[in-house]
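If you read the protein sequences in the order shown, they are chains A and B. Each residue of the first sequence is one higher than the one before, starting from 1 at the first, in the numbering used here. Each residue of the second sequence is one higher than the one before, starting from 1 at the first, in the numbering used here.
For the record, the hints were derived by calculation from the structure and aren't laboratory data. Backbone N, C-alpha and C fix where the C-beta goes; we use that ideal spot for every residue, glycine too. Check the hints yourself; a few may be wrong.
As the list claims (entries may be wrong) - Not the full set, but computed from the structure, chain A residues with beta-carbon under 8 Å of chain B:
{"hint": "1", "residue": "Leu21"}
{"hint": "2", "residue": "His87"}
{"hint": "3", "residue": "Gly102"}
Said to hold, decoys possible - Stretch-level coverage of chain B by chain A, calculated; a stretch enters the list once three of its residues show a Cβ under 8 Å from a Cβ in chain A:
{"hint": "4", "segment": "25-37"}
{"hint": "5", "segment": "44-51"}
{"hint": "6", "segment": "77-86"}
{"hint": "7", "segment": "129-142"}
{"hint": "8", "segment": "151-161"}
{"hint": "9", "segment": "169-177"}
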Amino acid sequence: MIHVGLTHYLVVAAVLFAVGLGCALVRRHAIAVLIGVELMLNAAGLNLVAFSRFGTGTLDGQLFTLFLIVLAAAEAAVVLALVLAVHRRTRVADMDHLDTLGG
Amino acid sequence: MPLEPSVAERAFSLADLAFYGLAALTLACGLYAALSRNIVRAVFALLGTFLGMAGLYAALSADFVAVVQLLVYVGGILVLMLFAVMLTSRIELASRSNRYPSFPSTALGITLGAGVGIMLVALALEAPWARSANPLAYEPTTADIGRILLGQALLPFELLAVVLLAVVIGAVVIARREEGGR
């Protein structure tokens, strides 16, 4: 039996990133797009921590992931505030309807 | 001593089993969150993804990151997302609150996502990643992380505090009700 190593974690992160990318590209609900972005950010964090353990053997990757988690929280707060503001003005949370700025 | 290696092997395969379970939880919940037609269920499925990610962090000897993941993602972001869902979706329509767009754009998006995924998996399997001779041991990391955050990483740490302050103020300004109008 092959022991779980760097490659296993990288494959999991790659699949999670692909799922998140597909979600962010396909879905129309603003919060569903945010879900996709969060999945991609989580995949990136998993990569960083995996490299921290198996690649360098130092804590650098874990530090990157900590900063990433904080920035993801900040991003989610701003996006959800925007969703609320847009919803109050237009009564929709559907990205396809938000084309006022389009030509 | 034929007993010794078999015990060690069993201990290793238990850790491997934990990895496979956590990875399955993470990916299954992530897929459900990405595909569900019900936005409330999608957000709740995200809970499983975040819990699985915290477990994977712990399996990678990143105990502090795992706890931060639980506190910030499960305790913060998920609750925030649920608030936004409940405030914006009319709940009686929840079962079809998260519809797919028309056929060509769905197919295009899924094709692009699958293509990138296949490329990344191939890269992860094929690339000659640099590997350390001595991977991190299962030791508490909190003290070392604290030392780095207040030492060599002090500037980004403080900048992050400013960013968070700006985000708090900005989110309140954006989300608040305008006086007089609706």
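Each hint, compared with the structure:
no.	hint	in the structure
1	Leu21	holds (5 Å)
2	His87	holds (4 Å)
3	Gly102	violated (16 Å)
4	25-37	holds (count 7)
5	44-51	holds (count 3)
6	77-86	holds (count 6)
7	129-142	holds (count 9)
8	151-161	holds (count 3)
9	169-177	holds (count 6)
In summary, the structure is inconsistent with hint 3 from the numbered list given earlier, while agreeing with all the others.
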